Amino acid sequence: MNRSRTTRVAAIAAVSTLALGLAACTPGGDNGDNDGDVTITWWHNATSDPLQGLWEDVAAEFEEANPGVTVEVTGYQNEDLQRTLIPNALQSGDAPDVFMVWPGGEVRAQAEAGHLKDLTEVAADTIEEMGAAVSPWQLDGKQYAIPYAFGAAGIWYNTELFDKAGIEGTPETLSELADAVTALKAIDVAPIAVGAGDLWPAGHWWYQFAVSSCPTDVLETAIPEFDFSDPCWVEAGEQLEEFIATDPFNEGFLATPGQTGADSSNGLIANGQAAMEFMGPWNSGTIGALTEDGEVPEWLGWFPFPTVDGAGGDAGSIMGGGDGFGVHVDAPDEAVDLLKYIMSEDVQRRFAETGAGVPTHPGVADALTDPNLIASAAALGEASYVQLWIDSALGPAFGNPLNQAIVNIFAGSGTPQDVVAALEQTAAAQ
Amino acid sequence: MTATHAAPPRVTAPSPAGPAPATPRRRPAADRRKWLEIALFAGPALVVFVGFVIVPVALAAVYSLYNWNGLGPLERFIGLDNYVRAFSDPLFIKAIGNNATIVIASILVQGPIAIAVALLLNRRMRGRTVIRALIFVPYVLAEVIAGLSWKLLLSPRGGVNAVLEAIGLGDLARPWLADPDIALWVMFGILSWKYLGFAILLMLAGLQGVPEELHEAAAIDGANWWQTQWRITLPLLGPTIRIWIFLSMIGSLQLFDMVWVTTKGGPIGATNTMAVYMIQYGQGQYGYGSAIAVILFVISLVVAVIYQRFAMRRDLAGALTSGVR
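Protein chains in written order, with the numbering used here: chain A, 1 to 430; chain B, 1 to 325.
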C-alpha cells in the first residue's frame with residue numbers, strides 16, 4: 001500500500017522534473033533590449049589561429065568600445081557553417097546577427113528569401129572604401145554582404161622540388177606546365193595534387209578551363225541566366241580531358257580529400273610528396289596548418305594559372321573569390337557597426353599581417369608580407385575580368401551535380417557533354 | 001519498428017458452456033486511476049515520439065512535393081517531380097544498388113563467419129575471454145575513428161600498401177578506396193571488420209539458450225561434434241540468426257557514417273549509398289533531399305515489414321498473440 005504510493009509520488013516528481021527541464025530548454029529571448037544591453041552573435045569560418053584569434057580580438061575590442069554590447073563570436077568549419085548551420089538557423093528564425101556569406105548564387109538565394117539586411121545605405125561609406133571587390137555580393141544593385149578577403153586562384157608549388165627537377169622559372173602556358181609535369185615525374189614526386197574526393201577541388205580545374213575558353217561576355221550572361229548553349233562550355237571539358245590524359249595528378253586522386261589530414265592534397269604538398277596544387281588564396285594557411293611546425297613553409301611559391309594555348313577566352317580573365325560577412329535582417333543596429341569595424345582599415349591591416357588571405361581594403365595592400373599573397377593580389381589587380389568560382393556563382397543547388405560530373409571526367413567515365421548536361425538539368429529543376 | 005509492442009494480454013478467458021463466470025467488476029475510480037497512470041507515464045514519451053519522429057517524417061513527405069531551397073517560404077509545389085528526378089538519376093539508382101549489394105553481401109558473408117566463430121568460441125578453450133574481447137573491440141570503436149583509421153591505412157601511401165610491399169606482394173598494392181572497381185568491396189570489408197563483433201556477440205548470446213542437456217543426449221546417442229552443431233545447435237539458434245539478419249538489413253540500408261568518413265560516396269559514386277546521396281544532393285535543395293529521405297524510409301519499411309511477415313513469423317508468434325500456443 002505504502003510502497004505503491006511512494007512509487008507514485010516518485011513518478012510524479014520525476015515527470016514534473018522532466019517537464020521543468022524541457023521548459024528550461026525553450027529558447028530565451030535574444031537581443032533583449034532591456035537596459036540597453038545588446039548581444040550580437042557572430043559566426044565565421046576560422047577554426048584555427050591566426051584568424052580565429054584575430055576575430056576574437058576584434059569582438060573584444062568592439063565590446064570595449066561599445067559598453068552594453070556583448071559579442072558572441074564562434075568559428076565553425078567552413079562547409080558545415082555554410083551548408084548546414086546557417087541555412088538551419090535562418091529557417092528556424094533564430095539566426096546569428098553577423099555571419100559568413102558566400103558570393104554569387106549563394107548570397108542571391110539568402111537575399112531573395114529575405115534573410116539579409118540591405119547594407120547599401122547603412123554601410124555606404126564602408127562599401128565605397130572597399131572598391132570593386134564588393135560586386136559579387138550584390139543583388140539588383142543592393143549590397144547584401146561585404147567581403148573582407150578576395151583573392152585569385154593560382155598554382156601553389158614547392159620551389160625546392162622545382163629546383164630539384166631542374167625547372168626554370170614557372171610555367172606560363174599549358175604546354176610548359178606539361179613539361180614541368182614530365183620533369184617532376186622524373187624525380188619521383190606527384191606533379192600535381194588534387195583532392196577529387198571532395199569533388200570541388202577537381203571542379204576548380206574545369207572552372208579554370210571554362211574561364212580560359214569562354215569570352216567574358218559569355219561568362220557574364222550565361223551564369224546568371226543558366227544558359228550553357230555556347231560551345232565553350234563543352235570545350236572546357238575537352239581541354240580538361242586532354243590535360244588529364246598527360247597523367248599529371250597524384251596516385252589515388254579520386255579518393256584524396258582536399259584539406260584534411262596528411263593524406264589530403266594539401267597534406268601531400270605540406271610534406272613534399274607533391275609539387276603543385278591549383279587552389280584559392282587561402283591555400284598557404286591550410287597547407288601551413290598541416291606542416292610539422294604548423295608554419296607556412298618557406299619553399300611555398302605561387303604563380304598564376306598558365307594560359308591555355310588556342311583557347312577562345314580573354315587572356316586577362318582569371319578566377320577568384322572571397323569571403324564576406326552579412327547582417328541578418330532582424331539584427332540590431334550594433335551588428336552593422338560591428339561589420340563596419342571588421343572592415344575598418346585597422347582591422348583589415350591586421351588581417352593582412354596574419355597572412356590568412358588577401359584583404360579587400362585597398363588602403364592596406366602594403367601590409368601584406370607573404371610574397372605569394374602579394375603575387376596573388378597583383379594578379380587580381382592586373383586582371384581584365386574576375387570570374388567567381390563557378391559553383392558559387394551558380395548557387396547552392398549546382399555544387400554537387402556539377403562537381404560530380406567533372407570528377408567523372410577525371411575518372412574517365414564522363415564526357416565534356418555530361419558536364420553541360422548536368423548544368424542544364426540542375427538549371428531546369430530550379 | 002520492431003514488433004515488440006505486445007498487445008495487452010487477453011484477460012477474458014474463453015468461457016466454457018454455461019453461465020458466464022462473474023467477471024470481477026472494476027470500480028470506476030480504479031479505472032480512472034489506471035488511465036491517469038497510463039497518461040502520466042506514457043504521455044511524455046508519446047509527446048517526444050510524436051514531436052521528434054512522427055512530425056518530421058510527415059514534414060519530409062510534405063517538403064518532398066516542393067521545389068524548396070530551404071531558405072524561402074514553401075511555395076513552389078511541383079508534385080512528384082522530385083521523385084521522378086530521383087529515379088531518373090543513374091547515380092541514385094546506383095546508390096540503391098550499392099545498398100542492396102551491402103545488404104546481400106552482409107547476410108551471405110558476415111552471417112556464416114559469425115556463426116562459425118561463435119560455435120568455435122562457445123567451446124571451452126584457452127584464452128577464450130581474450131579472443132571474445134578482441135573480436136568485439138572494432139564494434140566499440142566510434143565509427144568516425146574507425147573510418148578515419150581505415151582511410152589512412154588504405155591510402156596509396158598508407159599502411160596496407162607498405163605492409164604488402166614489405167612482404168614482397170608489392171604488385172597487390174593499389175589505391176584501395178580510389179579504384180572504382182573495388183572500392184565498394186573494400187568498403188564492405190571495413191564494414192565487416194566493424195560489425196562482425198556484434199554479430200558474433202549476438203550469436204554467442206543465442207548459443208547460451210541452447211540447453212546443455214540436448215548436447216549430452218546427442219552425445220549419448222553417439223553424435224559427433226559436427227552432427228550436434230548441425231542438427232541441434234543451428235536450428236535452435238534460428239531465432240537469433242533471423243533477428244541478426246533483420247538488424248543487418250536495416251543497418252545496411254541506412255548506411256551513412258562509415259561511407260561519409262572514408263569516401264563520401266566516391267570515387268564516382270562507387271560507394272554511394274542512399275543516405276550519402278541524400279546529404280550530398282539535398283544541399284540547397286531540401287525538397288529533393290526530403291524526397292530521397294521518403295524513398296529511403298519507404299524502402300526500409302517495406303523490407304522490414306516483408307521480412308517480419310515471412311521470415312520472422314514464427315519468432316514473433318509468441319510476442320504478438322496471447323501466451324497460449
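By construction, these hints were calculated from the structure, which means they are not laboratory data.
All figures in this text were calculated on a predicted structure; none of them were measured in a lab.
Quick reminder that beta carbons are idealized off the backbone N, C-alpha and C, glycines included.
Where hints are given, some of them may not hold.
[Unchecked claim] Short derived list, chain A residues pointing at chain B, Cβ under 7 Å: (1) Leu-85; (2) Ala-89; (3) Pro-396; (4) Ala-411; (5) Gly-412; (6) Ser-413.
Taking the hints in turn, this is what the structure says about them:
no. : hint    : result
1   : Leu-85  : 12 Å, violated
2   : Ala-89  : 11 Å, violated
3   : Pro-396 : 3 Å, holds
4   : Ala-411 : 4 Å, holds
5   : Gly-412 : 9 Å, violated
6   : Ser-413 : 6 Å, holds
This entry does not satisfy hints 1, 2, 5, going by the numbered hints stated previously.
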